[in-house]
Amino acid sequence: MTVTDTRATAPWTSLQAAPEGRISARIAERLFRSAVSRLHVTVRLEHTDRPAEVLGLGGPAVVVHRPDELFARIGRDKLIGFGESYMTGAWSEDGQLGDGTLGDFLTVLAADVARLVPPALQRLRAFVTPRLPRSHRGTRENTQANVAHHYDLSNDLFAAFLDPTLSYSAALFEDLESALTEDFAAAQHRKIDRLLDQAGVGAGTRLLEIGTGWGELAIRAAARGAEVRSITLSVEQQQLARERIAAAGHADRVVVDLCDYRALLDEPAGRYDAVVSVEMIEAVGWEFWPTYFRTLDHVLAPGGTVAIQAITMPHDRMLATRSTHTFITKYIFPGGALPSVRAIRETVEEHTTLRIVDELAFGAHYAPTLQRWDRAFLGARERVAALGFDETFVRMWHFYLEYCRGGFAAGYIDDHQLTFTREA
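Read in order, the letters of the sequence shown correspond to residues 928 to 1351 in the numbering used here.
The hints are simulated quantities; they were obtained by calculation from the structure and are not laboratory data. Where is the CB? At the ideal position from N, CA and C, for every residue including glycine. Treat the hints with care, since some could be wrong.
Across the chosen pairs, the derived CB separations fall in these ranges [claimed, not checked]:
id : residue 1 : residue 2 : range
1  : P1057     : R971      : 21 to 31 Å
2  : D1285     : T1108     : 27 to 37 Å
3  : L1185     : G1022     : 37 to 47 Å
4  : E1068     : V1182     : 21 to 31 Å
Using the sequences plus the hints, can you model the full thing?
As structure tokens, then:
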């Protein structure tokens, strides 16, 4: 497959060298040692001029091969530098790549994230943490480039680690105890079908899907007899979704448009009986949540239902981090921002006639979903390399998947299916 333009200027291809020793590196080392010393993890610091030392109370183990680089990167770039240090190999899990150690280690950190930095220093957060670049804001001028950065990398890349449905969101397992061995496609269909049920999708339903993915939800809806319009800003996704929809025999029932959600505000109101959107709000940006929900309100027909799936975080952490440039926004999802359920509720109450009438929290199901993706991704490393992705990308993607798993496993982030109707 031809390498896409998004790869040529991707940040991982021009990772900055570690800075020289600075006061900030010494401060980062002191904070790192203080935090790790009270956590149930094992961190081995390897030194060139003295014996290795071990920090932590015991637990998931990592090895810091180049402590000076780790502390210099954290000192300069905070948590972005922490992730970059993994990308360069300055530190790694102490064990087999992909054995779960990295995610387990990051889970411990995520569970204590609000206390890793002393409260007195947290008050300086706004002055020392990097801000989201203006070019990442979810404006109509920026959004397609933000989407392309991730979703237009390569359809073949995603096919290398997703299940056969090509679903790129949390599965809904029957039993979390067996989630790592359960039929993955069935669990993804269970998630999709619940959302369609909540939206009341059946024969003759005029359904709008915001965020196509690779077409599985549209296929499931069309099989119920719905007339589906799905919109996306990913050229790669649009192409493959159309192919998959046609192969499933539903090309006559599904239209996939390349369209910004805001363009729907220029169309006639009330055209759809149901609106669904799976983990798309995360790409909107917090400044544009009112516009996003006004759009849903605008397109919904009288008596209609909206059902969305959203990755969420606690309200106080959302307020503290919503404008922060993070490892995820720099390397994975430019412009991304996770809402809280409270923020969603307050936004719809202030800006729309929609109200939440049903809520399912199933973030615990995302941890095994991500672990299965990570295992499949690492198992397909040769295939990924053949697509033109280098070892730095592999380490970055592995860190991203396990970083997210840690957040869900710790309960720091959650996943919700939310159903909305209008006030009677």
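Structure-based check of each hint:
1. Between P1057 and R971 the Cβ separation comes to about 29 Å, which falls inside the hinted range of 21 to 31 Å.
2. Distance hint check for D1285 and T1108: the Cβ-Cβ separation is about 30 Å, which falls inside the suggested range of 27 to 37 Å.
3. Between L1185 and G1022 the Cβ separation comes to about 44 Å, which falls inside the hinted range of 37 to 47 Å.
4. Taking the beta carbon of each, E1068 and V1182 are about 25 Å apart, inside 21 to 31 Å as hinted.
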